[in-house]
Each structure stands twice: as C-alpha cells, then as structure tokens.
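There are 2 protein chains.
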Amino acid sequence: MLAFPTTCSPAATDVPEGLAREIREHLGVAVAFYRLDGTPIAEAPGQGDAPDAGTAPSETVTRLVREAADANEDRLAAGPHVLTAAWPISLRGQPRLAAAVELPLSGEGEQPLARRLLAAVGTAVRACMAEADARSQCNSLAEALSQSFEEISLLHNVGEVLRVTRPVMGLLEYVCEELRETTGAEAAVAYLPAADGAEPEMAVSGRLPLLESDLPRLFGALLDGLDPHGTVLINNHCQQDPLLARFSIAMERLVVVPVALGERAPGVLAAFNRSGEEFGSPDAKLIRSSANASAVFIENRRLYSELQQMML
Amino acid sequence: MLAFPTTCSPAATDVPEGLAREIREHLGVAVAFYRLDGTPIAEAPGQGDAPDAGTAPSETVTRLVREAADANEDRLAAGPHVLTAAWPISLRGQPRLAAAVELPLSGEGEQPLARRLLAAVGTAVRACMAEADARSQCNSLAEALSQSFEEISLLHNVGEVLRVTRPVMGLLEYVCEELRETTGAEAAVAYLPAADGAEPEMAVSGRLPLLESDLPRLFGALLDGLDPHGTVLINNHCQQDPLLARFSIAMERLVVVPVALGERAPGVLAAFNRSGEEFGSPDAKLIRSSANASAVFIENRRLYSELQQMML
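Order-wise, the sequence lines are chains U and A. Start counting the first sequence at 4; every next residue gets the next number (the numbering used here). Start counting the second sequence at 4; every next residue gets the next number (the numbering used here).
A few of these clues could be false.
Which copy? The list can't say, so a pair holds if one copy fits it or any two copies do.
Cross-link-like lysine to any residue pairs, in silico, SDA-like; alpha carbons within 25 Å at most [unchecked claim]:
# : residue 1 : residue 2
1 : Lys288    : Asp17
2 : Lys288    : Val85
3 : Lys288    : Glu146
4 : Lys288    : His159
5 : Lys288    : Tyr177
6 : Lys288    : Glu309
7 : Lys288    : Glu184
8 : Lys288    : Asn238
None of these hints come from the bench; they were simulated from the model. None of the values given here were measured: they were computed from a predicted structure.
Hey, can you work out the whole structure from these sequences and the hints?
Next comes the structure, spelled out in structure tokens:
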C-alpha cells in the first residue's frame, strides 16, 4: 500500500536513441558514450545496427574519458595517426555522462582542421543531448498540464451540479461517472455508511471487480483508524496483499479516498482496476478533489434536509 | 474592450542569442542566418559584438541560401579557395529559416576534412536551434502549468468554504481576497445588485481606483445587454475609453465577469489594475471559475434562507 506518491519523475539520462548512429552516418565520426565512472554505455539495442561489442575502447579513450569526467573539462590527445577527444556532458548544469571519439589522420597536416572537426562534433553531440533533455522535459510538462486541465474540468463540472436541492445520491452518481471517464478506471464507487438509522448508500459507475455487498467490509478494513482528511490509498498490486486478494481475484488496482462527513462516519470514493497504466498521483488528486467537493455538498444537503424535516 | 483572448502564443522563431558568436568562437566558423526569402537576419543587438553590418553576404551565399530554402535541402559549393554551405532549418517539421557558412581553404587537399567540418557545424547549428525551440516550449508549458495549478488551488480553497450556513457576503469577501492574491490585482470586488427590496451588497479587497459608490453604475454600463453566462470583459487601456476614463483617472486595467443568479439580475466579480503584466486569459479563467462557484453557492444559500424564512 503506497502513500501518495510524488509526480516528479527523474529526467532521462539516456543517450537519445540513434544519436551515435546518426553522427557516424552523417559526419563519419564514431562517437561512444560513457558513464562518469568511465564505463561504456551500450547503444540501445534494436536499432538495426550490428552491436559494437567487439570494439572495446582504447586505453587512450578510457584514460581521457576518466580525466574529462574527473575534471569536468574537455580532453584532447593528438597522436601522429589519430586524434582522440573526450567531452563531459552536463544537462541543466549537472554532469551526466561523457562522450569520446577517435579520428584517424592520414598526416600531421590534417591536425588543425581535424581538431576543428572534433570540436564541431562535440558541440553537435552536446546540443543533441540538450535538445533530447528539453524534449523529455516538455513531454513531462505537457502530461502534467493535460492532467491539471482534467482536474479543472472535473472541478468545474462537479461545481455546476452542487445545487442543494439535488438528491445526494444523484450527485454522487454524477461524480462517479465523471471520475470513471476521467481516470479510465473500470469502475468508480461512492459509498456512504449508514447514518441516523438510514441504510448505507452506494453509487457505482462501471463494472466492479468484487461483489457490491463486499464494499463496506473492504472499505472498513482499508480505512480503519486512518484520518479521513487528506488520506489517499493506492494499490496497484492488490493480488499481492492477502487481505485484498481474499475479496476477489479480479481486483488488481484500486484508489480509495475517505470522504470526511463531520461527526458521521466517513464515506468513500474509490476507483477500481485500469488496464495499462498504474494508478498514481494524478488519479489520487482527482479523486481527492471530488471527495472534497462531495463532502461540502453532502454537508450542505444535510443542513438543508434538516430544515425541511423541521418544517414537517 | 477585448473578448476572451486565447492563451496560445506563437513559438519563437528567433535565432538564439549568441549562437552565431559561440560557433565563431568555439569552432572558428562564421555562421549567418537568413529568412526563407534569402534576406539576412541581423544578430540580436547588445551582445557586446561588433556589428557585422559591413560584410554583406557573397553572391554564392545568397544563391545557395535561396536554393536551399526553395528545395528544403542542404547545398554545398566548392571553389578552389572556399567551401560554402547553406542549410534550411526546420523546427517541429516546419521550415523556418536558413543558415550559411563560408570556410576559406588553404589548399584542395583540405576539401574532404573541411566538408566534414561543415557538416558537423550544420548538425550543431540545427541541434542548437532545436534545443532553443524545445526550451521555449518548456517555458510556455511551465507557465501554463503554474497558472492551472493556481486555478486548481483557488477552486479547492473556495470549495472548502461553500458551507450553506455561511453568510453570502462572508464567502464573497473570501473569494475577493483569494482572487486579489492569486491575480496580483490592486483590488478585487464582488457586487450583488439589489434584490427583493434588499440593498445592493459589495465585498472589496484591496484599494479601489474609483469610488465604491460608482461601481454599480460602472458595472451596469459595461454589462448592459450581455449574457451573464460565459461573458468576460478585459480592458488593459481603460483611459483610452472615454466612458471608463470618466469614472476615474486612476483606473488603468480591469477584468469584469458577470455572476449569473437565475431570475435575479446578475452580480459581478471584478479585478482592477495591476502593475506590470496586462490582464489576460489566465486571469479571466480564474475569475470566471470563482464566479461559477459563487453563483452555485449564492443559489444554495438563497434556497436555504428561504426555508429558514418559512420556519419563522
């Protein structure tokens, strides 16, 4: 059972797929990449390339890469028949890896232009790495943005229907539909425990992976003793938990959020199963948001109903 | 007076500041940039560089740039003493500009390495442009994300205080405080017109640029005949509008959003003045969101109060 995880994913430090191959094909220079400890990074497999496994880096390359990584400075070694360069590569100010090339020379006279060629290759490699890093940051941001638009849209949609004359279960059915659509879960459930002699109530959207009549026991077991404010439970491996597995072999993933109801026992909003992606922080936030809006509505509705009762 | 503007800003097509200088300093190659019609793009001023205004592009460069742009293909011309290359540069699949270099040669023998050098410089220039483009995309996304987080946070904060037993003006005061803080406006106002013989009511946060007693007339003039659902008025140049300027010489900017109240005359949420940035779509969205939440609350509160009245 996970606590609310952070959304932050580590930036990719991988070498962009095909970069070494492209440099080789377009510039006729074989670039190889190394970790900062000097060990080579294998090219991503499945690129239709013959593996370079046979060609171990030369002693000069290994030495230059270590020196470049340690000093965080470019290194160049000029032999009579070969130029060797090693470049440490930083992304967003952090040293991440190193790249190295060996360029065969046909004569000493080639040295000046060859050095400039290597410098240009180094600039190109660095810029390509930085571009890939920026693109991957863009992708994370775009995903976070689309998630937050979903949350805003859900908050707006739910906000529109909070009229106090609406029956509570009608609102909760609407919230479940919205949640199931937005998260892509197989089922979404709202559960209000018995109160003031009334029966427990449930709104279900989609197809539950367990018996509806087992839900009170499931939620009771999961939320026993937890603070209804702010708690979110996520489990993406329900079958590995003996308690959960006993309820149903079809229950794979769940997000369970208590709905604080003042002095009453808390209610629950929950989502079950999703093919593909695991439930995570964005889902938890959406369900937490909906739970907060629902809690305010239920309290308003209770106050209104109490007044109505007093009228009779 | 503007309609709700779109948030989309055009991607920067500018050459990153200092790119040409860096290539010149690190690789000893002078790169120049051109529009797709072949006209040169001046380097951004204020870089501490001597302006290149004196060196007009050679005929070969001009011809190659046009050819490269027209065909969207790299072009290379090899003379006995100079290599000239022109590269069209696309960003996200769209041809945007062209870059060109001339590399002096000291002899024919340098040709093979010099060609590779130019190819490497071309790769480096393209990658640097792509990186700058990705970074500028990242910045737009990050800004949009922080705006949508602000909206979510405001919706949550307002959502928490919608308890139907709360007085309407207390809620509206809270909404105005939140709006003023979130938008950075000098003042935020909520206005409910007179209804059922009751006085008009106003909640003000911050320092108004006009007399509070003039607000009803201002809102009446601005919103006369407009649909209270979805309408948003933004004006960042109030003094250029004779009608608005007459209210106060201190009123520079405003956002005005009607609050639909069913059969009653609509209320208003508004923000006034902000030093620095103009009001725009993110502000409009925030105020629209708050107006919707407030409208639902006011309606709930009315229903509740009516019941209470009937009890007496």
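Here is how each hint holds up against the structure:
Within a single copy, Lys288 and Asp17 get their C-alpha atoms no closer than 30 Å, and across copies no closer than 39 Å, so neither meets the 25 Å cut-off. Within a single copy, Lys288 and Val85 get their C-alpha atoms no closer than 58 Å, and across copies no closer than 62 Å, so neither meets the 25 Å cut-off. In this assembly of identical chains, Lys288 and Glu146 lie within 25 Å of each other by CA distance both inside one copy and across copies; the values are 15 Å within and 20 Å between. Taking identical chains as interchangeable, the C-alpha atoms of Lys288 and His159 lie at most 25 Å apart whether they share a chain (15 Å) or sit on different chains (11 Å).
When the C-alpha separation of Lys288 and Tyr177 is checked against a cutoff of 25 Å, the pair qualifies both within a copy, at 18 Å, and between copies, at 24 Å. In this assembly of identical chains, Lys288 and Glu309 lie within 25 Å of each other by CA distance neither inside one copy nor across copies; the values are 31 Å within and 36 Å between. In this assembly of identical chains, Lys288 and Glu184 lie within 25 Å of each other by CA distance both inside one copy and across copies; the values are 15 Å within and 23 Å between. Proximity of Lys288 to Asn238 under the C-alpha cut-off of 25 Å is restricted to the intra-copy arrangement: shortest distance 15 Å within a copy versus 35 Å between copies.
Violated hints for the displayed structure, listed by number in ascending order: 1, 2 and 6.
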